[in-house]
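Visitor: Sequence:
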Amino acid sequence: MTDYFGTFKNKSFRKHLLVYLLSFTGKDFYSTLLPTFIVIGLSGTSANAPWVLQALSAFGILSTIAAVKLMVTRGPKYLFTLSYLAIIVAMLGYFVIYLTGINNPMWMLVIVSIIYQLGRGILEFTPWNVFPFIPDVDRIFTHGDKAGVYASVMTFFRKSTGALATYIAGWALEEIGFNSTTMTTHANTPLGIQHGIMLIFIFVPIGLLAAALIAARTFKLNRANHDILKAELQRLEEGGSKADVTLETRQVVELLTGHSYEKCWPDQADI
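Going letter by letter, the sequence shown gives residues 1 to 271 in UniProt numbering.
Mixed in with the good hints there might be a few duds.
Claimed, not checked - No farther apart than 25 Å at their CA atoms in a straight line, the calculated lysine to aspartate or glutamate pairs in the DMTMM-like style are these:
no., residue 1, residue 2
1, 159, 124
2, 69, 227
3, 11, 248
4, 220, 136
5, 15, 124
6, 263, 244
7, 9, 145
8, 11, 145
9, 15, 248
10, 242, 227
11, 220, 124
12, 242, 262
13, 159, 3
14, 230, 254
15, 15, 136
16, 11, 237
17, 77, 136
18, 263, 237
19, 11, 262
20, 11, 254
21, 242, 145
22, 11, 267
23, 263, 238
24, 77, 227
25, 263, 3
Don't read these hints as lab results, they were simulated from the structure.
From just these sequences and the hints, can you work out the full model?
Guide: In structure tokens, the structure reads:
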């Protein structure tokens, strides 16, 4: 357990985990509530419309391909920003569709859902492609190797928040008075409950993604900083003295670890 709690001493990991969980939990709310919003909140939509829209997830493959190049040329902060803004725009698109009250707005839903899926593809790609940098930040701080521990912590929290999001979504629907047994269509669901479903479906993901976006804008681990960190790791592993560190390297190490350089690379490795 000490190793698990020790991961939170790593500033870059704390920020990365926060961004990861906020964004993926927002995605969980979308996936859980989309069928209810489409069938109950919008008039004239068929029962299979949500599954048709979910099939548009194939567009996420296209954005993932683009993200591979953008990760190298622009870095993770750019990808975080791009994906979150795309999804927020899509959620606002669903809001506009709801407000128009158009009967069976399927073509509008398709356009908005494509935007969402493009953003989702990048959202899912980015965290686990930033992750390989994280253990190096820990290594220069602890002089140890804990890549497996970091992966376990991320997986544990992701599974926990995924289950929690599903539970909270169901609880929220109950709190607004929604009854899935008797309220099966737009026509037999009271307007107030339709409004409640819309508010939960649209603004909970927007809130979570907005918080993730704010956190991501202060995320400093990128390829350039990682290269500096790796070079310093190599120098220290080859017997270099901490006293010979350059000012730039010192600043990068302290920025990424959240600790003074003097506390990094201890004589006794924390394995």
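Visitor: Now, for every hint given, state plainly whether the structure supports it.
Guide: Do the hints match the structure? See the list:
A distance of roughly 14 Å separates the Cα atoms of residue 159 and residue 124; the hinted pair therefore holds under the 25 Å criterion. Note on residue 69 and residue 227: the hinted pairing holds, with a Cα-Cα distance of about 18 Å set against a maximum of 25 Å. Distance hint between residue 11 and residue 248 is fulfilled; the C-alpha atoms sit about 18 Å from each other, no more than 25 Å. Only pairs whose Cα atoms come within 25 Å are accepted, and residue 220 paired with residue 136 is accepted, the gap being roughly 14 Å.
As the CA atoms of residue 15 and residue 124 are separated by approximately 16 Å, the hinted pair is consistent with the 25 Å bound. The suggested pairing of residue 263 with residue 244 holds, with an alpha-carbon distance near 15 Å, which does not exceed 25 Å. Between the alpha carbons of residue 9 and residue 145 the distance comes to roughly 14 Å, so the proposed pair stays at or under 25 Å and holds. Pair hint residue 11 plus residue 145 holds up; C-alpha atoms about 17 Å apart against a cutoff of 25 Å.
Between residue 15 and residue 248 the CA atoms are separated by roughly 22 Å; this keeps the pair inside 25 Å, and the hint holds. Taking the CA atoms of residue 242 and residue 227, the gap is near 18 Å; set against the 25 Å cutoff, the hint holds. Of the supplied pair hints, the one linking residue 220 and residue 124 holds, its CA atoms being roughly 19 Å apart against a limit of 25 Å. A hinted pair counts as satisfied when its Cα atoms are at most 25 Å apart, and residue 242 with residue 262 qualifies at roughly 8 Å.
A C-alpha spacing of about 19 Å is found between residue 159 and residue 3, which places the hinted pair at or below 25 Å, so the restraint holds. For the hint linking residue 230 to residue 254, the alpha-carbon distance of about 14 Å falls within 25 Å, and the restraint holds. A threshold of 25 Å between alpha carbons decides the hint, and for residue 15 with residue 136 the separation of about 15 Å falls inside it, so the pair holds. For the hint linking residue 11 to residue 237, the alpha-carbon distance of about 22 Å falls within 25 Å, and the restraint holds.
For the suggested pair residue 77 and residue 136, the alpha carbons sit about 19 Å apart, so the restraint of at most 25 Å is met. Restraint check: the Cα-Cα separation between residue 263 and residue 237 comes to about 16 Å, which is no more than 25 Å; the hinted pair holds. Between residue 11 and residue 262 the CA atoms are separated by roughly 16 Å; this keeps the pair inside 25 Å, and the hint holds. Between residue 11 and residue 254, the direct Cα distance comes to roughly 9 Å. Compliance with the 25 Å bound is thereby established for this hinted pair.
Between the alpha carbons of residue 242 and residue 145 the distance comes to roughly 19 Å, so the proposed pair stays at or under 25 Å and holds. Distance check on the hinted pair: residue 11 and residue 267 sit about 21 Å apart at the alpha-carbon level, within 25 Å; holds. Annotation: proposed proximity of residue 263 to residue 238 holds, straight-line Cα distance about 19 Å (limit 25 Å). As the CA atoms of residue 77 and residue 227 are separated by approximately 16 Å, the hinted pair is consistent with the 25 Å bound.
Restraint check for residue 263 and residue 3: the C-alpha separation of about 18 Å stays at or below 25 Å, so the hint holds.
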